[in-house]
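The numbering used here puts the sequence shown at residues 1 to 261.
Note that these hints are calculated values from the structure, not bench results.
Computed from a prediction, not measured in an experiment: that's the story for all the values here.
It cannot be assumed that every hint is accurate.
What the hints assert, rightly or not - Cross-link-like lysine to aspartate or glutamate pairs, in silico, EDC-like; alpha carbons within 16 Å at most: (1) 225 - 243; (2) 160 - 243; (3) 103 - 134.
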Amino acid sequence: MNQRNKRIQSSNLPNENLSIDSQLEAVSVSSGRQEASKRASKRAGVVRSYLLAIFCASCLVALGATPSQAGVAEDAIFEVSLGGGLAIPTGGFSNYWDSLGAKSGYELDLSGGYFLTPNLSIGLAFELAQFTIDNPINPQHYRLYTLGLYGKYFSGLDSKVSPYLRVQSGITIPNFSAPLAANPGKAFHESQFSPAFDALIGLGARISTSDGGGIFLEASYRFTKLGGNTSSFESETLVLPGDVSHIQLTIGFGFDFGPKQ
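Could you put the whole structure together from the sequences, leaning on the hints where they help?
Take a look at the structure:
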């Protein structure tokens, strides 16, 4: 009888060990998720601080502006702008891959241009837009790195506020998270996909804060033709399911310099 009980107890040990291993694995996975979430929160906090700094600095400079200053210097040759703001996914982007919808993120941009006329400038813009993904298993991102050629038309050059229209087209390099067929619904990988066409149209206003400088506010719509773009991971070919679009709400600084002789 004692030997039988020992055999029964021995036969239960693997199940007990398996249960302990499962618990340890669950704790490990949970810990990994918490660490990833903390890192994502930390990065988001840095970006929020950056955007808040831009906004506060813009407000402080605006308070010191004199009403007689014009929004854009009529004799300027060059312009440089630096800004950042909110990026809001639209259309199918908010339900990408049917399960990895993009959430609102942020965008940063740096641009420089040449005034062909007092009202019209053309130039180059480099922009980054990043979106978080509704995926609690492994927090990842959608990123768009864009280099574009823009045209900007200003009006109201003799007033403190100069409204403008901006149109832009260029090339975007997407860095997107994609599900892996080897483990659907559970495994994802961020990959750099092939370059894609990008277009933007925006309305904004430049508010003078000093001679040749000011803050700008802009709302724009961006479309990126990503459908069918490919990347590879190990032996698997990843294909993006469709085009994406989003709205950008931007605040920043603009500077004019180099008066014409």
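- Message: Name the hints, by number, that the structure is in violation of.
- Response: 2
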